[in-house]
Structures are given as C-alpha cells and as structure tokens.
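*Asks:* Given the structure of chain A, go ahead and fit chain B onto it with the hints provided.
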Amino acid sequence: MNIYLPVAHTSINLMIMLSIGTGIGLLSGLFGVGGGFLITPVLMMFGIPPTVAAASGANQMVAASTSATLTHWKLGNVDMKMGLYLLAGSFLGGGLGVQVVKVLNAMGNIDFVIKLTYVLLPFTVGGIMLGESLKKKSPDKGHEGSVRQSACSRLMGSLPFQMEFAKSGVRHSAILPVLIGILVGVLAAIMGVGGGFIMVPIMLYILKMPMRVIIGTSVFQILFTVIEVTFLQSYTNHTVDFVLALVMLTGSSVGAYIGTMFSEKLNTEQLKVLLALLILSVGVKILFELMSRPSLLLAYSFGGK
Amino acid sequence: MGNLLKTLLTVLVLLLSVNHANAALTLSLDKKMIPITAFYKGNALKITGTVASGEDVIVKITSPLENESFMVKEKFFHLFWMNKDKVDVAKVNSVYMLYSSADIDGILPVAERNKYSLGYEALQSSVGISGTSDKDALFREFIKVKEAGKLYSAPDNKVGNKVILMPLKDGNNSFWLTVKMPYQVPIGRYEVAVYAVKNRSVVQTVSDDVLIEPVGVVREISDIAMNHGGVYGLLAIIIALITGYMVTPVIGIAKRMLLAAIMAPRRVINAMNGQLYPISALEETDQAKE
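Chains as they are written, first to last, in the working numbering: chain A, 1 to 305; chain B, 1 to 290.
One should not assume that every hint holds.
Only pairs whose alpha carbons sit at most 20 angstroms apart, straight line, appear in this in silico EDC-like list of lysine to aspartate or glutamate [unchecked claim]:
1) B:K84 / A:E289
2) A:K115 / B:E74
3) B:K135 / B:E66
Quick list of the computed label-pair ranges, beta carbon to beta carbon [claimed, not checked]:
4) B:F39 / A:F288: 33 to 39 angstroms
5) B:E213 / A:Y300: 21 to 27 angstroms
6) B:T48 / A:V103: 55 to 61 angstroms
7) A:P294 / B:N199: 43 to 49 angstroms
To be clear, the hints were calculated from the coordinates, so they are not data collected in a lab. Given the structure is predicted, the values throughout are model-derived calculations rather than measurements. Beta carbons: idealized from backbone N, C-alpha and C, even for Gly.
Chain A extracted, bound-state conformation (with noise of 0.2 angstroms):
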C-alpha cells in the first residue's frame, strides 16, 4: 500500500517505510544512537528530498529517542548530571556549528565538506572503537599504552571546576563535558544528526563512563537535540514531512523499545564492535558513493525544481 507524503511531494510504499522504521529504532536502543546518520541516506535512496529527510528523520527521532530514553531511565541508564552538561555545549556547538555551515555554503563547499565529514568521521571513530575492543581481548595490553592514558588522564585531572559523576562513578571536570558537546553539536550541525555516534565513542574512551549508562545518557542527549532541529527545521525550512514522520516513528519507536531490550542482553564488547562495524559500514558506503561514478551528472539546485 502507498501513502502521499504532503512536504516531500512523493508516494511511498507504507511497508517498507515502517520495515526502515523499525530497522532504525532497533539500532537507536540497541547502541544509544539516534540513527539520524543511518536515516537520512536511506530516505534519500528511496527518493525523498535530501533537505525533507533530514528533517522529517530528526522528527521520528524524537519517537525513537522518548521511547528509549524513558526505558534507559527506568532501567537507571541516564546520568542525568552529565547529560545536562553534554546538552549545554551541544546547544552551543549547535548554533556554532550553522554558522560553520554558513560560511561553507558562502564559499560553495558545503556539500564535499558534508560527504568528507561523513567518510573521515565514522573511519576515525569506528577504527578507534574497533581497535580498542579488538586489543582488550589479547591479554598483554603493552606499556607504552598505560603511560599515554596516564598522561591524557594527568591533563583531565588538572582542569578546573572537577566534580563527581555518581551515576557514571566518574570524577572530571565540569569544562570537559561542555567541550565535548559543544564538539559534537558543531558536527552535529554539519551532518545533520543528533550525534549519538560522535557522542559514544567519546564518552567511552575520553569520560571513561560505563557502557550502560553512555547509552542511557547519549539518547537522552539526543532527544533534546532533535526537538530544537524539528522545531527550526518546521519553522524555517517547512521540510519537516509528518506523515513520513509518523509511519517512520511508529516502526522506530517498536523497533528502539525491542533495541534497548537485547542492549541489556548482549555483553559490552559485543555492543561496542557491533556499534564499531555499523559505523564504518557507513563510512565505506558514502566513500564508495564519491568514489563511484553517478548514473547522472546534474542534480537539481536549489530553487531550480
């Protein structure tokens, strides 16, 4: 069956968008990610608007992300003291990083920057991710390792304004978290997702918080970040397509609530290489895509259809 999407201008087929729903919202529970870095291409391949999948995909998020974070909540997931301080330098980096995208645009390079940003950034942080679960499983972890961690961990410490994290059973800065959201809100901003992916692995390996609670806490993050790009995307852009929305976060939102479920049944390690393989397949795809040669060699520009 066929629905008439009102924003996009387009006809899809109903099941295979709530299939795509649910594939997402499984992942968003399953690694705390929001999916937007998964959603968007995919929305795209079949034929909406690059500008109303973006958007309309931050608007299913926010499905997915209540769903997921009210469960990671109960299951006492969200450090909700961290989460406040993340979310402050996001929305920062977030308004910083429109005006990043401002200036690019101005100089007609926002698009290879989008697409490179979208290869070097899953490479970097999946490899990372990898590599790292990958050499917890050989016994000797080697010297040289312990000492550049110990210096990255000497830098942390000496910063200003250190606090307790009781919920993540962490000691850092308060300056750290605002930094590293405004990091992620800038990227954020750039690719035009919620930053679950950017976010994880950070939290992870720099705040050293526990896998569990860097779940809970990054959908948490999520949510508010995709409720103030619904609202822009709504109010400035109209590409916020609701009824691809609504047949999107009706699958995602069963899918996330299945996700979060099997997150308590898989180990760690697993969910982290996992997590690790998803985001370089990404990476591969979207360099494959610039590598290749496109079927067609004009794309419409804007105002031009």
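*Replies:* Showing chain B alone in chain A's frame:
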C-alpha cells in the same frame, strides 16, 4: 454583382471546409482534475477523440515553460565526484510527455517538429542553456535526469503505436491513449495538446488542460506546514513525544494479549478434560518453564 456572388460563395465554401476540418479533430479527457489523496500513487489519464481518416495523431503533455538550475558533478582531485558548476536551462518544460500513432521522425520533417516542439531535438533548439560550453552533452544529461524522475518521456521520437487509431462509420478515425501520470509529476496545471498530421505537416491542433492538486488531509497538512511552520513544528514534536511515551505501555499490553491468546487453547483443552486450573497456576507453570 457576379463577382460579389462568386466571392461570397468562395468564402462560404472555405468556411464550410474549415468547419469540417475543425470538426474532424476533437479531444476529450476523462478527468479535468487529478486529486492527490492520502493514498495517491499516480493516476491514469484517458485521452480520446476523433481525427480525419488518413491523418496521424501526436499527443503532447507539458507543464508551462520555466527556468531550471542544476549542478554539474565532476571529479575532484581525480578521486571524488562532487557538485561543481551551476548551469541554467531556460524556457523549458518541467514535465514533457510525447505520444503518437506513428514514428514522429517519419511523419514530420525537422522544421515542422521544431515549430511545434515535438521531440527532444526540437526541444533542444528552443531551450536556452547557459553556464557550460558543451551544450549538447548538458542537454543529454538534462534529459537523463528528467527521464529518471519520470517527468519526460519521448525516447528518440520513436513512440509510435502508443496512440491507437480505430475507424468510425462516418469515415473519421477515433483515437485513444491512456497516460500513466506518475506520482513524481508535481502539483500544477498541464496542457494536453493533440496534433493531426497529414502529408508531413501538422494540419490541425486542439488542446485542453488537466490539473493535479492535493485534496483533503494532504492539502490540510501541506497548507499548515507551509503557512504555519511554528505550529506545525510544535505539533510534530508533541505527537512524536506522545508516541514515544506510549510505545512502552502499548507493547506491554500487546505482550499480555499475546500471552492470553497463547494460553486460551490450553484452558479450553483443560476444561474439556475436566482439569480446569486457575489462570494463576498456569502462569506460574509457564514462568517456571521459562
């Protein structure tokens, strides 16, 4: 007096002949408006009419002329493909569909095809391309983009046998054509023009309009999104929050209903065997098994 009478007679004969010719080519559309409803996936437009015997028929469906802009993809550093230069295509139809009862190249010369913009070659001669030196290559890519989007159809002008001709008792022919208007065709008014072709020239034309527009809930949502973006955004967020909030209890209820449905046959069997256990006992047994 004699000359005046002769002139009047000539005019009368000409008028009659013109009327006869006009009467030969008629056009009828099965709908004047294609509504975009919630389950819209395109619609069929039936085009019928009559044409004088011995004449071929060409049907052209077009949107109004407009200017469009495109980005040309080129390889960057011999590695990555990216949008580079902007090109403009002026005075072009966003939608262009062509059908005929015979091969258009065979029944019309180039001059006549250009005059009525029939076929891609004719279209190329009328559009204005700026921003590139290789206009032929760009036009080919333009056609590829349009065809991929299902907005253009007229492959190599060889579209014969799409329009069906059938003889009528009065010596004329009837013609009909069913055009699938894909959902990709945007909202707007489209001209359906019919050309009668004889002896390698267009002898008569007739046209009508068809409107594609959203109705009902599709129109309501579209209007709110475009005209009240803030309200629309808040509504979208609230509904998404409620859906996300409701999903856990809804799934919980669904799980309980599923469990009850699985247990029901067992209860019936047990009741029939005269060993009706209380429900709590069955649940305890299931939990113990798990």
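*Asks:* Each of the hints needs a verdict: does it hold here or not?
*Replies:* Okay, the hints, checked on the actual structure:
no.: 1; hint: B:K84 / A:E289; result: holds (16 angstroms)
no.: 2; hint: A:K115 / B:E74; result: holds (15 angstroms)
no.: 3; hint: B:K135 / B:E66; result: holds (18 angstroms)
no.: 4; hint: B:F39 / A:F288: 33 to 39 angstroms; result: holds (36 angstroms)
no.: 5; hint: B:E213 / A:Y300: 21 to 27 angstroms; result: holds (22 angstroms)
no.: 6; hint: B:T48 / A:V103: 55 to 61 angstroms; result: holds (58 angstroms)
no.: 7; hint: A:P294 / B:N199: 43 to 49 angstroms; result: holds (46 angstroms)
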